[in-house]
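Take these sequences, add in the hints, and give me the full structure.
These protein sequence lines are chains A and B, in that order.
Residue numbers for the first sequence, in our numbering: 1 to 111.
Residue numbers for the second sequence, in our numbering: 1 to 113.
None of these hints come from the bench; they were simulated from the model.
Hints may be right or wrong, so weigh each one.
Taking lysine-lysine pairs in the DSSO-like style, the calculated list, with each CA pair at most 30 angstroms apart, reads [said to hold, decoys possible]:
{"no.": "1", "chain 1": "A", "residue 1": "2", "chain 2": "B", "residue 2": "57"}
{"no.": "2", "chain 1": "A", "residue 1": "42", "chain 2": "A", "residue 2": "103"}
{"no.": "3", "chain 1": "A", "residue 1": "67", "chain 2": "B", "residue 2": "57"}
{"no.": "4", "chain 1": "A", "residue 1": "42", "chain 2": "B", "residue 2": "71"}
{"no.": "5", "chain 1": "A", "residue 1": "56", "chain 2": "B", "residue 2": "14"}
{"no.": "6", "chain 1": "A", "residue 1": "42", "chain 2": "A", "residue 2": "2"}
{"no.": "7", "chain 1": "A", "residue 1": "56", "chain 2": "A", "residue 2": "42"}
{"no.": "8", "chain 1": "A", "residue 1": "67", "chain 2": "A", "residue 2": "103"}
{"no.": "9", "chain 1": "B", "residue 1": "57", "chain 2": "B", "residue 2": "71"}
{"no.": "10", "chain 1": "B", "residue 1": "9", "chain 2": "B", "residue 2": "57"}
{"no.": "11", "chain 1": "A", "residue 1": "42", "chain 2": "B", "residue 2": "9"}
{"no.": "12", "chain 1": "A", "residue 1": "56", "chain 2": "A", "residue 2": "103"}
{"no.": "13", "chain 1": "B", "residue 1": "14", "chain 2": "A", "residue 2": "42"}
{"no.": "14", "chain 1": "A", "residue 1": "103", "chain 2": "B", "residue 2": "57"}
{"no.": "15", "chain 1": "A", "residue 1": "2", "chain 2": "A", "residue 2": "103"}
{"no.": "16", "chain 1": "B", "residue 1": "14", "chain 2": "A", "residue 2": "67"}
{"no.": "17", "chain 1": "B", "residue 1": "14", "chain 2": "B", "residue 2": "57"}
{"no.": "18", "chain 1": "A", "residue 1": "56", "chain 2": "A", "residue 2": "2"}
{"no.": "19", "chain 1": "A", "residue 1": "103", "chain 2": "B", "residue 2": "9"}
{"no.": "20", "chain 1": "B", "residue 1": "71", "chain 2": "B", "residue 2": "9"}
Fair warning: this is a prediction, and the values are worked out from it, not measured in the lab.
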Amino acid sequence: QKEVEQNSGPLSVPEGAIASLNCTYSDRGSQSFFWYRQYSGKSPELIMFIYSNGDKEDGRFTAQLNKASQYVSLLIRDSQPSDSATYLCAVTLLANSKLTFGKGITLSVRP
Amino acid sequence: NAGVTQTPKFQVLKTGQSMTLQCAQDMNHNSMYWYRQDPGMGLRLIYYSASEGTTDKGEVPNGYNVSRLNKREFSLRLESAAPSQTSVYFCASSSQGGDTEAFFGQGTRLTVV
Chain A
1 QKEVEQNSGP LSVPEGAIAS LNCTYSDRGS QSFFWYRQYS GKSPELIMFI YSNGDKEDGR
61 FTAQLNKASQ YVSLLIRDSQ PSDSATYLCA VTLLANSKLT FGKGITLSVR P
Chain B
1 NAGVTQTPKF QVLKTGQSMT LQCAQDMNHN SMYWYRQDPG MGLRLIYYSA SEGTTDKGEV
61 PNGYNVSRLN KREFSLRLES AAPSQTSVYF CASSSQGGDT EAFFGQGTRL TVV
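Here is the structure:
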């Protein structure tokens, strides 16, 4: 089983809709959880991180973490065409600093 | 502030040739990482260095070696390049292991023919 799994894509939503991106992880020792965004031909950049169970909001983005279910998600409200990118979920075992990524999901926001 | 600098940006190798990808960060980060990215595969961890003086294998270490030369620099070496190593390679660093944001270099596009 891969350590970090993301829904296969691509995902297409209309402008203004909510995009929901999901991620599961296999190691219960995972301590830190991240969402990175990667535009085509560019490097990944961090958009959200979350360490504790529950929700964390930052502008139009909300990260949700459920450690019991080993599940982390990202909600993008009022999606914009500029949100069209690949979103990568990443988790870390704090014990060894190993930062592991999922395969990513490509989001397309239709004008 | 340069952040994470990778060299070269592009490289074409013949099968069997060797090369070293260089990575340097100027943010005084403890942890550094090498990933490869192939279409539909996300970022796969090759090697990482949690702190100066330590290195560990990631998900896909075969065919690669690394050196954490000092706190700033973390190099990736391909001893005998194979077409399967054609990929985009990213170096990243973070201040305190995986507890903090990782910053990425601009990537190296490597083609092995």
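Verification of the hints:
no. : hint         : result
1   : 2/A x 57/B   : holds (16 angstroms)
2   : 42/A x 103/A : holds (16 angstroms)
3   : 67/A x 57/B  : holds (26 angstroms)
4   : 42/A x 71/B  : holds (25 angstroms)
5   : 56/A x 14/B  : violated (48 angstroms)
6   : 42/A x 2/A   : holds (25 angstroms)
7   : 56/A x 42/A  : holds (26 angstroms)
8   : 67/A x 103/A : holds (20 angstroms)
9   : 57/B x 71/B  : holds (18 angstroms)
10  : 9/B x 57/B   : holds (24 angstroms)
11  : 42/A x 9/B   : holds (12 angstroms)
12  : 56/A x 103/A : holds (23 angstroms)
13  : 14/B x 42/A  : holds (26 angstroms)
14  : 103/A x 57/B : holds (19 angstroms)
15  : 2/A x 103/A  : holds (10 angstroms)
16  : 14/B x 67/A  : violated (46 angstroms)
17  : 14/B x 57/B  : holds (25 angstroms)
18  : 56/A x 2/A   : holds (26 angstroms)
19  : 103/A x 9/B  : holds (23 angstroms)
20  : 71/B x 9/B   : holds (22 angstroms)
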